[in-house]
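Once you have looked at the hints, place chain Y on chain P.
Residue numbers (my numbering), protein chains in the order written: chain P, 1 to 168; chain Y, 169 to 299.
Be careful, since some hints might not be right.
A few chain Y residues that face chain P, going by a derived Cβ cut-off under 10 angstroms, partial list only [claimed, not checked]:
#, residue
1, 225
2, 226
3, 240
4, 251
5, 280
6, 284
7, 288
8, 292
9, 295
Cβ pair distances, simulated, as ranges [claimed, not checked]:
#, chain 1, residue 1, chain 2, residue 2, range
10, P, 48, Y, 274, 32 to 42 angstroms
11, P, 129, Y, 269, 45 to 55 angstroms
12, Y, 287, P, 166, 37 to 47 angstroms
13, Y, 246, P, 48, 39 to 49 angstroms
14, P, 47, Y, 230, 29 to 39 angstroms
15, P, 168, Y, 246, 30 to 40 angstroms
16, Y, 264, P, 126, 55 to 65 angstroms
17, P, 124, Y, 244, 36 to 46 angstroms
18, P, 133, Y, 193, 50 to 60 angstroms
19, Y, 182, P, 101, 47 to 57 angstroms
20, P, 94, Y, 179, 36 to 46 angstroms
21, P, 126, Y, 244, 37 to 47 angstroms
22, Y, 246, P, 26, 18 to 28 angstroms
23, P, 123, Y, 198, 57 to 67 angstroms
Pairs of lysine-lysine residues, derived as DSS-like cross-links and limited to a Cα-Cα distance of at most 30 angstroms, are as follows [claimed, not checked]:
#, chain 1, residue 1, chain 2, residue 2
24, Y, 282, P, 28
25, Y, 175, P, 44
26, P, 50, P, 32
Bear in mind the hints are in silico, worked out from the structure with no lab data behind them.
All C-beta atoms, glycine included, are put in the ideal place defined by N, C-alpha and C.
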Amino acid sequence: MEISKKVAILGSHAVGKTSLISRFVEQKFPEKYLTTIGLKVDKKTVKLDKDVVDLVIWDIAGQDEIASIPHYYLNGCSGYIFVVDLTRPSTYENIQSQLLMLRGILRDAEVVIAANKVDLIESEEEQQEILHNISITPDFCTSAKTGEHVDDIFHKLAEKMISVHESR
Amino acid sequence: MKVDELKLGVLDTLAQVIVFERNGTMVDSCHGLADISALIGQSAFDIFPLVGSIKEVLAGLTTEAPPIKLPAVEFLLIDKKGYFDIQFFAHPANPDLLVWVLVDNTSLYEYFGKIQKERNLLRMEKEQAKR
Numbered sequence: 001m002e003i004s005k006k007v008a009i010l011g012s013h014a015v016g017k018t019s020l021i022s023r024f025v026e027q028k029f030p031e032k033y034l035t036t037i038g039l040k041v042d043k044k045t046v047k048l049d050k051d052v053v054d055l056v057i058w059d060i061a062g063q064d065e066i067a068s069i070p071h072y073y074l075n076g077c078s079g080y081i082f083v084v085d086l087t088r089p090s091t092y093e094n095i096q097s098q099l100l101m102l103r104g105i106l107r108d109a110e111v112v113i114a115a116n117k118v119d120l121i122e123s124e125e126e127q128q129e130i131l132h133n134i135s136i137t138p139d140f141c142t143s144a145k146t147g148e149h150v151d152d153i154f155h156k157l158a159e160k161m162i163s164v165h166e167s168r
Numbered sequence: 169m170k171v172d173e174l175k176l177g178v179l180d181t182l183a184q185v186i187v188f189e190r191n192g193t194m195v196d197s198c199h200g201l202a203d204i205s206a207l208i209g210q211s212a213f214d215i216f217p218l219v220g221s222i223k224e225v226l227a228g229l230t231t232e233a234p235p236i237k238l239p240a241v242e243f244l245l246i247d248k249k250g251y252f253d254i255q256f257f258a259h260p261a262n263p264d265l266l267v268w269v270l271v272d273n274t275s276l277y278e279y280f281g282k283i284q285k286e287r288n289l290l291r292m293e294k295e296q297a298k299r
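Chain Y with its partners taken away, still in its complex shape:
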């Protein structure tokens, strides 16, 4: 088995790639995180408020532009809930299409969340003690 195959095998259940037209219509997707077959042909702008709310920003994406990156998004993709690192970019082979990538980093961000919560509570205790 080649290294690239091993890599793809690991990433297969950690990531999802959704391709949609510039008007929002979803045209293709893998199903690494959730099966969205039933949504193909529908508008990502209508179904996912996050995507719809940045459609004007997405309209500005070109193949030369850097991807739009949204780290640590708490998100529900059909039945898959978690923390995803999200990015959008213009399809390198067809600028009429946009690519939406979600990478599941739930366990990592849940861990960060616990640490951050402890830090925040400690800081608030210190602030209260000063008063």
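Here chain P stands alone, though its shape is the one from the complex:
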């Protein structure tokens, strides 16, 4: 099966959304911090065991309030990746309420949670301590800088969307 799906990358400002996309699509890590204004769209094909998924990735400007995202940005999304920054508690303190709000807006969309910037965490103990403070367990700890688990978040989202697509 070959399908095309719109997916969004969401999360607070400067958590690394654009860098994750850049690493996934172009295998590059932008060393300089660039702020996304509005949105940017990229495309990449993910090959799974039996299926091919064309991901059309909407990189949406960082927002602290989900309600402030223009609703047309989210219309038609089949899935989204919610990104938090392991080094900044403010990006995951309200994760439950933010995901709850997103589930209300994107009722049928699949979600993958990425805890980014794991390369900046100095030890396994520190990482576990931070993860303990995040009220929802992330699917992956990622690093756009090193590439750690970056492909995995997109592959997992593609697999989840295919699974739902086949069950309908």
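Chain Y only, in chain P's frame:
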């Protein structure tokens, strides 16, 4: 020269209007931002991933429905790269057609981008200082 002519003269190089059928086939366009003559007859859904990714949403557009508005889209229209305010709506005279309008606001959004970047960096510095 009439005011409307002056207005159109100003907008001519700042905006582009592309008309396409509901199956995505582009049928007409002005060339205010980029010359897309070679793309007429081809599918906007195939050529522009942004448009293709919302084709199910576009299918729901009627002449009574409000336009779909996508502000501040970083976009490449052939050789014209910039920040565009984009909107889609059903053609008022022919509901079988959809209209895609791009308005170039690159200089404005680049300015906003600089301001936003400064604010974000300042907020992150404050967060780090608290820890």
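These are the hints, each one checked on the structure:
Given the 10 angstroms rule on beta carbons, the hint for residue 225 (chain Y) holds: about 4 angstroms separates it from the nearest Cβ of chain P. Evaluation of the residue 226 (chain Y) hint against chain P yields a held restraint, the C-beta minimum of about 9 angstroms falling below 10 angstroms. Because the closest C-beta pair between residue 240 (chain Y) and chain P is about 2 angstroms apart, less than 10 angstroms, the hint holds. With a cut of 10 angstroms, the hint placing residue 251 (chain Y) at the interface with chain P holds, because the nearest CB-to-CB distance is about 6 angstroms.
With a cut of 10 angstroms, the hint placing residue 280 (chain Y) at the interface with chain P holds, because the nearest CB-to-CB distance is about 6 angstroms. Interface restraint check: residue 284 (chain Y) against chain P, minimum CB-CB distance 5 angstroms, threshold 10 angstroms, status holds. About 5 angstroms separates the beta-carbon of residue 288 (chain Y) from the nearest beta-carbon of chain P, less than 10 angstroms, and the hint is met. A least Cβ separation of about 6 angstroms between residue 292 (chain Y) and chain P falls short of the 10 angstroms threshold, and the interface hint therefore holds.
With a least beta-carbon distance of about 6 angstroms to chain P, the hint placing residue 295 (chain Y) at the interface is held under the 10 angstroms criterion. Distance hint for residue 48 (chain P) and residue 274 (chain Y): a CB-CB separation of about 38 angstroms, consistent with the stated range 32 to 42 angstroms. With their beta carbons about 51 angstroms apart, residue 129 (chain P) and residue 269 (chain Y) fall inside the hinted range of 45 to 55 angstroms. A hinted range of 37 to 47 angstroms holds for the C-beta pair residue 287 (chain Y) and residue 166 (chain P), which are about 44 angstroms apart.
As the Cβ distance of residue 246 (chain Y) to residue 48 (chain P) is approximately 33 angstroms, the hint placing it in 39 to 49 angstroms is violated. Distance hint for residue 47 (chain P) and residue 230 (chain Y): a CB-CB separation of about 38 angstroms, consistent with the stated range 29 to 39 angstroms. A hinted range of 30 to 40 angstroms holds for the C-beta pair residue 168 (chain P) and residue 246 (chain Y), which are about 37 angstroms apart. Checked against the hint of 55 to 65 angstroms, the pair residue 264 (chain Y) and residue 126 (chain P) passes, with Cβ atoms roughly 60 angstroms apart.
Restraint check, residue 124 (chain P) to residue 244 (chain Y): a C-beta distance of roughly 42 angstroms satisfies the suggested window 36 to 46 angstroms. Between residue 133 (chain P) and residue 193 (chain Y) the CB atoms are about 53 angstroms apart, so this pair conforms to the stated range of 50 to 60 angstroms. A hinted range of 47 to 57 angstroms for the beta carbons of residue 182 (chain Y) and residue 101 (chain P) is inconsistent with their spacing of about 36 angstroms. For residue 94 (chain P) and residue 179 (chain Y), the hinted distance range of 36 to 46 angstroms is satisfied, since their beta carbons lie about 42 angstroms from each other.
Between residue 126 (chain P) and residue 244 (chain Y) the beta carbon distance is about 41 angstroms. The supplied range of 37 to 47 angstroms therefore holds. Between residue 246 (chain Y) and residue 26 (chain P) the beta carbons are some 20 angstroms apart, a value that agrees with the proposed interval 18 to 28 angstroms. The hinted window of 57 to 67 angstroms between residue 123 (chain P) and residue 198 (chain Y) holds, with their beta carbons roughly 59 angstroms apart. Restraint check for residue 282 (chain Y) and residue 28 (chain P): the C-alpha separation of about 23 angstroms stays at or below 30 angstroms, so the hint holds.
Between the alpha carbons of residue 175 (chain Y) and residue 44 (chain P) the distance comes to roughly 40 angstroms, so the proposed pair goes past 30 angstroms and is violated. Restraint check for residue 50 (chain P) and residue 32 (chain P): the C-alpha separation of about 38 angstroms exceeds 30 angstroms, so the hint is violated.
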